[in-house]
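Numbered by the working numbering, the letters in the sequence shown go through residues 110 to 286 in order.
Keep in mind that the hints were calculated from the coordinates and are not lab data.
Some clues are possibly wrong.
Restraint-style ranges between C-beta atoms, simulated for each label pair [said to hold, decoys possible]:
| # | residue 1 | residue 2 | range |
| --- | --- | --- | --- |
| 1 | Met110 | Ala252 | 14 to 24 Å |
| 2 | Lys185 | Asn237 | 12 to 22 Å |
| 3 | Thr162 | Asn188 | 19 to 29 Å |
| 4 | His273 | Asp245 | 15 to 25 Å |
The model shown is predicted, which means the values in this text are computed figures rather than measured ones.
Heads up, the beta-carbon is just placed ideally off N, CA and C, and yes, glycines get one too.
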Amino acid sequence: MNYDELEKLAGQKEDENWAFRSFLKFYDDLTDQQIDRLVHELTDSVAADIDCTKCGRCCKQLKPTLTTNDQKRLAKALNITSSQLQQSYLEYVQDEESNCWQMKKTSCPFLKNRKCIAYESRPQDCRNYPYLKKPDFTMRTIAMLDRTRTCPIVFEVIEQLKEHLAFDAGNSAGNIW
Numbered sequence: 110m111n112y113d114e115l116e117k118l119a120g121q122k123e124d125e126n127w128a129f130r131s132f133l134k135f136y137d138d139l140t141d142q143q144i145d146r147l148v149h150e151l152t153d154s155v156a157a158d159i160d161c162t163k164c165g166r167c168c169k170q171l172k173p174t175l176t177t178n179d180q181k182r183l184a185k186a187l188n189i190t191s192s193q194l195q196q197s198y199l200e201y202v203q204d205e206e207s208n209c210w211q212m213k214k215t216s217c218p219f220l221k222n223r224k225c226i227a228y229e230s231r232p233q234d235c236r237n238y239p240y241l242k243k244p245d246f247t248m249r250t251i252a253m254l255d256r257t258r259t260c261p262i263v264f265e266v267i268e269q270l271k272e273h274l275a276f277d278a279g280n281s282a283g284n285i286w
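Could you build all of it, start to finish, from the sequences and the hints given here?
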């Protein structure tokens with residue numbers, strides 16, 4: 110996969126993916142837990158074939174949140190204080206949806222040559238991305254479909270999940286709701 114073309118590919122699949130989301134909401138051949146297990150298996154298989162260091166799109170496009178423990182761990186690795194980390198790299202976001210510290214800018218300042226210079230100390234948000242191994246996949250499909258534009262692993266897992274569940278895009282396209 111050409112990682113630079115991911116957003117274009119995901120855009121081409123957008124209508125089909127929304128139809129798949131609808132299909133998945135009413136799919137009853139497997140339980141939600143069985144779908145979760147299938148997504149986890151597909152994730153393991155797909156991730157084994159994708160080198161994140163050749164992509165780095167998540168680090169370039171997202172602003173991870175950092176817990177207090179994340180800040181301490183990262184500050185220690187950078188040989189600075191948590192206060193210095195906050196002043197230099199983080200912003201506090203307080204709105205209706207969240208109260209958290211997050212990176213000030215997209216394109217993580219710790220990304221060098223598509224590799225994290227603080228990989229062992231990276232925030233939990235980065236460690237868990239793209240969240241395919243969280244439970245209740247069918248309840249999180251909007252977020253997952255959005256991630257098809259950022260993460261080649263998510264893009265490919267969605268494509269393989271369609272195949273495994275015998276989703277017929279030709280029969281479902283246009284039936285978004």
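Taking the hints in turn, this is what the structure says about them:
1. Met110 to Ala252: 14 to 24 Å: Because 21 Å falls inside the window, the suggested range holds.
2. Lys185 to Asn237: 12 to 22 Å: 20 Å, holds
3. Thr162 to Asn188: 19 to 29 Å: Since the Cβ atoms of Thr162 and Asn188 sit about 24 Å apart, the hinted range of 19 to 29 Å holds.
4. His273 to Asp245: 15 to 25 Å: Cβ of His273 to Cβ of Asp245: about 18 Å, so the range 15 to 25 Å holds.
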